[in-house]
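Q: Sequence:
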Amino acid sequence: MKLYRQVILLTLTLLVLVSSTGLAVGLHICGGELRDITFFGAKADCPMEEEKDDAPACHAPQPGADDETCCNDHQVVVERFDATSKHEVLSLTKLQDIQLLAFVKAVVLQFYTSQTDLKPTYALYSPPPLARDIPVLVQSFLL
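Take the sequence shown: its letters are residues 1 to 143, numbered as in UniProt numbering.
Quick caveat, the hints were computed from the structure, so don't treat them as lab data. Check the hints yourself; a few may be wrong.
[As the list claims (entries may be wrong)] Simulated restraints, written as ranges between beta carbons of each label pair: (1) 131 <-> 21: 51 to 59 Å; (2) 77 <-> 8: 23 to 31 Å; (3) 16 <-> 100: 35 to 43 Å; (4) 79 <-> 128: 52 to 60 Å.
Just so you know, even glycine gets a beta-carbon here, dropped at the ideal spot from N, CA and C.
Please build the complete structure, drawing on both the sequences and the hints.
A: Spelled out as structure tokens, the structure:
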């Protein structure tokens, strides 16, 4: 049970991390096989392309030759969701309007509120019964 809890905790932690920061996974497929996985958008160099660069000039492919590569790069991007960016920034004029409304509520509306005395909530409260030692109440003592 403790292992399940740790796995769920790790999964939820990774979910929060990915949803708040975003994630990019790059897959390099060479010759139909997955050769490299990169995270956060870093691109790895292909060993096949490195071999082409190191080849002597006589072994280099001809410029008119069919230039099909056996390598494919795939990129999976998970962008972060930002719900706060849709809201407008509070400007100074809106701030002054809010201060005016607060002033009106605090000063002007104070004169129009009813001045009734509120009863405290504990006024109708009955206290719990006193704790008594029941065996002492039931017993009879010889004097």
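Q: Against each hint, give a clear statement of whether it holds in the structure.
A: A quick look at each hint next to the structure:
1. The hinted window of 51 to 59 Å between residue 131 and residue 21 holds, with their beta carbons roughly 58 Å apart.
2. Residue 77 and residue 8 have their C-beta atoms about 26 Å apart, which keeps the hinted 23 to 31 Å range intact.
3. In this structure the hint that residue 16 and residue 100 lie 35 to 43 Å apart at CB holds, the actual value being about 40 Å.
4. Separation of residue 79 from residue 128 is about 59 Å and conforms to the stated range, judged on CB atoms against 52 to 60 Å.
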